[in-house]
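Peer 1: Residue strings, one per chain:
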Amino acid sequence: MFTDLLGEHFVHTALIAGAVVAIVAGTIGVFVVMRGLSFAVHAISELGFTGATGALVLGLDPVLGMICGSVAVGAVLGVLSLRGRERDSAIGAVLAFGLGLGVLFLSLYQGYATTATNLLFGSIVGVDDAQLLGLAIVAVIVLGAVVVLWRPLYFSGVDPEVARSRRVPVGALTVAVFLLVALTTAEAIQVVGVLLVLTLVITPAAAAQRLTVRPGLTLALSIGIALVSTEGGILLSLAKAWPTSFFISSISFAFYLAARVTSYARERA
Amino acid sequence: MSIVAVEQLALRFGERELWHDLSFELAAGEFLAVLGPNGAGKTSLLRILLGQLEPTGGRVVLDRDRVGYVPQQRVFDRDLPLRGRDLVRFGLDGHRWGVARLSGEGRRRVDDVIAAVGASALADKPIGVLSGGEQQRLRVAQALVSDPHLLLADEPLLSLDLGYQQVIVQLLDKRRREAGTPVVFVTHDVNPILHVVDRVLYLGPDGWAIGSIDEVLTSETLSTLYGTEIDVLRVRGRVVVVGTPDAEHVHHVH
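Residue numbers (our numbering), protein chains in the order written: chain A, 1 to 269; chain B, 1001 to 1254.
Just so you know, the hints here were simulated from the structure itself, not pulled from any lab data.
Heads up, the beta-carbon is just placed ideally off N, CA and C, and yes, glycines get one too.
Examples of chain B residues lying across from chain A (beta carbon under 8 angstroms, computed):
| # | residue |
| --- | --- |
| 1 | Gln1052 |
| 2 | Val1067 |
| 3 | Tyr1069 |
| 4 | Arg1083 |
| 5 | Asp1086 |
| 6 | Arg1096 |
| 7 | Gly1098 |
| 8 | Gln1142 |
Covered stretches of chain B, as calculated for chain A (at least 3 residues, CB under 8 angstroms):
| # | stretch |
| --- | --- |
| 9 | 1073-1081 |
| 10 | 1088-1094 |
Please model the complete structure; the sequences and the hints are all you need to start from.
Peer 2: This is how it looks when you write it as structure tokens:
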């Protein structure tokens, strides 16, 4: 049964889509964790849900609606570029309102309830070739931007005052980070769903950061953990018919725990 | 030839005016100490020079390319994925686009400047686990590695023990003597830098004064700047200011 499934086209598509999303999420996660934007990621993904349900009501493509919702919120948060507690409370307020709208849209939408479930919890095995192409295009955009912006993005993330004095456009880069996070979130939703985006965008980077302080190695480990979690999760869900998102989040959480134990042991040594 | 020209600068936050008609020039190689009580606008002056704060009036003229800046101490998160040497390296190429390996020449410059602040043993540790003084030394290295035309330092000696205070002061002094880089040094305590300071800019509640230490740090001048009786004493080669309302200058116990 398991080996039969491995020959199926939809399984190949799922594995490729999973790899694409894992690479993007593992990369952006490094900047999200560095800048303390976990809560913003959560908000952006939930408003992606609002965008998707809104699109369903209007009879449009939910993936497109999701991208629009995420990017709109990401742009607003980036432009406001609030700090600390003010940012957290503003995000909380926007997030709650957005979810309220999402519930309304969902009740207005007369289609299948599974669409909503898929948005919330992911449906990687349902990815078709067209969707995979969309994932790949967004991935190229995000990764290309990270390559071009890498040094100033890192500099302004960890040391904004001095970066500003070196005439790094710190404000514009903040907006850029939020837009990249929004695009990444819209990618990750398609694999693990709105509610589990953090398992790919936060957990691998947070684990990597526990294991090394070298910027390049942090990135490599974060991508590696995201990849193993995603591909491992997809394969396990073929062997055992439990939700893919459960397996993905379990594996990435196991990495996180292992990383914390390792760093704790290292500090004590 | 002046590197920095400050012309009739005024700064006001709402109703509160910090200073007006502030004018001075900085020549190549000059070491300027900026003194004054908390809230006198010392950091604001640096931010105006950096172009990060708009003055209420007047203007500053300087080339903002390659300004070495040592900001006021800020604590880094313990788990920030950043080593001491990464922080220093940002001073060299952090503002450039793209991904690149540091060249051999670049790596040598980073290593040299880290060695100069006595931080070679700290360079590969996470920045967040270093003490405030250790981070501060790397900050100075970061400012120096950029081969700056102008150095702006905001309380760079904070959290440093006396030995490292002198290491940092001598490094800045050497830089301005050898490369002609003027230094603007904001501090609450002039004593560690008495022997290198050319001029002092004192920002007081009732005005400002600029000149040599002997001209500015006198009972008469400071009494005028504070609008109250101030005594400036010279004790064993140290300057002690007595009578300032917030007692800023009466020596801090660290």
